[in-house]
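Protein chains: 2
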Amino acid sequence: MLDVCLLGTGGMMPLPGRALTSLMTRFNGSSLLIDCGEGTQVTVREKGWSMHDVDAMLFTHYHGDHISGLPGILLSMANSDRTEPVKLYGPPGLRRVVNALCIIAPGLPFELEFNEFNDVEEYISLNGYEITAFKVNHNVTCYGYTIYIPRAGKFDPEKAKNNNVPMKAWNRLQKGDNVEMDGVIYTPDMILGPKRKGLKVTYTTDTRPTEGIVEHAKGSDLFICEGMYADPEKRADAIKKKHMTMQEAAEMAARADVGELWYTHYSPSLVNPARNIKEMKEIFPRAVAAKDRRTVELMFEED
Amino acid sequence: MLDVCLLGTGGMMPLPGRALTSLMTRFNGSSLLIDCGEGTQVTVREKGWSMHDVDAMLFTHYHGDHISGLPGILLSMANSDRTEPVKLYGPPGLRRVVNALCIIAPGLPFELEFNEFNDVEEYISLNGYEITAFKVNHNVTCYGYTIYIPRAGKFDPEKAKNNNVPMKAWNRLQKGDNVEMDGVIYTPDMILGPKRKGLKVTYTTDTRPTEGIVEHAKGSDLFICEGMYADPEKRADAIKKKHMTMQEAAEMAARADVGELWYTHYSPSLVNPARNIKEMKEIFPRAVAAKDRRTVELMFEED
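Protein chains in written order, with the working numbering: chain A, 4 to 306; chain B, 4 to 306.
It is worth saying that the hints were derived from the structure and are not from the lab.
Quantities reported herein were computed from a predicted structural model and do not represent experimental measurements.
No more than 27 angstroms apart at the CA atoms, straight line, and that leaves these computed lysine-lysine pairs for DSS-like:
1) A/Lys294 x A/Lys221
2) A/Lys50 x B/Lys294
3) B/Lys50 x A/Lys294
4) B/Lys138 x B/Lys221
5) A/Lys50 x B/Lys50
6) B/Lys221 x B/Lys284
7) B/Lys198 x B/Lys221
8) A/Lys245 x A/Lys138
The task is simple: from the sequences and hints, build the whole structure.
Have a look at this one:
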């Protein structure tokens with residue numbers, strides 16, 4: 004099960020009742036956070052989740068509304084007695100920006116591990132999460148993220164027997180380990196059927212629509228995408244500021260045929276994004292004008 | 004009239020329903036802000052006040068919970084089309100800390116004017132505010148603030164006539180200007196009675212009790228002081244961490260004989276500070292367990 008919470012849905016500045024856009028996931032005791040503007044730690048508390056187990060923080064880019072909450076979060080994690088290292092991922096400049104902000108969070112009791120992206124696509128394997136970061140199109144270097152929880156094939160005892168895998172090895176092989184016995188190396192694929200559908204979430208904000216986003220979003224159970232502007236007349240603004248309209252996001256969701264589209268990163272001037280959702284549903288029926296702390300528990304399909 | 008709003012009352016970390024401690028005042032079209040932790044800009048919006056006219060921001064010290072909201076505030080002020088310079092005041096390190104944080108708030112359309120304190124006491128005269136910063140006793144250099152709105156004496160036409168002040172000069176002299184006429188310089192004191200009581204607010208947080216606080220708080224209409232701990236048994240913690248208990252603050256308020264004491268900067272572990280207010284009132288009857296956005300309009304006394 005993958006818990007996904009869109010902690011906030013605001014762009015540019017936090018508003019009463021609309022925190023800055025940030026995504027948190029929980030899987031198998033390990034949490035991820037994508038972006039953390041000012042106030043993110045409050046929304047985590049409002050949700051009743053904990054920052055303590057956030058093993059990695061991923062940044063789309065370093066505009067203030069996506070990272071201004073970092074020093075406060077790190078201080079609060081320190082207060083919650085975290086001592087395990089925290090991995091940080093993001094575009095070039097990560098170390099410089101985080102170290103500058105940490106002038107007000109000195110002496111943390113855990114290490115920060117910096118991982119700056121060099122390529123158009125980067126892959127991260129972490130605590131059961133398979134994460135792809137991919138470059139999008141904003142006015143500064145900005146990445147989108149796909150979080151994938153793979154699911155192994157079903158145990159196939161016939162196959163195991165046909166491959167002469169000793170029964171003693173079955174349990175460990177089912178957990179995904181290779182096993183050596185009597186000089187023979189057994190691999191999980193020798194006892195498992197074809198890989199099954201995993202869980203997939205794609206998150207993009209602060210970008211024009213791109214082919215890359217459509218490609219990466221394909222097969223996602225959930226596609227979280229900015230809906231900065233609702234009025235189609237704002238498209239010129241969106242192009243100029245390298246953001247997108249709700250309509251453009253819906254068109255990408257339709258092309259990628261995702262499970263659900265959640266809008267986020269609304270302009271402060273967009274007071275009621277739900278008002279526009281009917282039109283968006285004509286483009287993509289499973290579009291949702293998300294509000295702060297919208298949550299879903301994604302489950303593997305029944306066999 | 005001096006509007007005073009204690010925007011938040013939390014210490015260490017922002018909580019749902021309890022923003023970090025920050026004070027905002029409005030006088031004669033000019034606003035001041037003392038401290039601005041993460042989320043302060045949201046409480047300003049919740050209050051319905053505006054950041055646009057904040058001409059000066061004063062910092063007690065640079066622990067994260069007192070300054071982490073600065074970059075977001077500056078970005079929002081930029082979005083509200085502020086172009087006038089913003090004056091910043093605080094202990095040594097101000098420029099270094101603010102410039103580091105502003106890595107995520109580049110290209111502001113207004114100037115930041117840095118004013119770092121060198122002395123144990125510093126005086127600031129700004130848009131009708133007479134401000135005193137005075138060193139307190141925390142584990143880093145930390146200042147308290149007294150904000151004073153002076154009030155000139157009442158116009159005394161007898162005195163003006165006795166001093167041979169031409170009637171033409173009376174209006175400008177009443178506004179506080181010196182006036183030169185026919186080679187004679189006239190000063191406001193030549194037409195005004197003795198100075199009248201002004202408005203005074205003292206704000207101290209993150210400190211042990213000190214004699215200096217008591218001295219500066221004397222005559223204050225309002226004394227805003229940390230009440231980090233409620234349980235008298237926490238006094239050892241307070242001494243160690245250079246904070247204070249609600250009881251210690253009440254004792255200072257009683258000695259300074261202030262108009263009212265508002266507690267703030269509660270420890271996150273202090274869930275309901277109001278529960279302790281009855282005991283505090285035995286020490287100082289006008290003690291208030293302030294909540295976020297507690298506001299008062301201080302008025303000059305009737306003549």
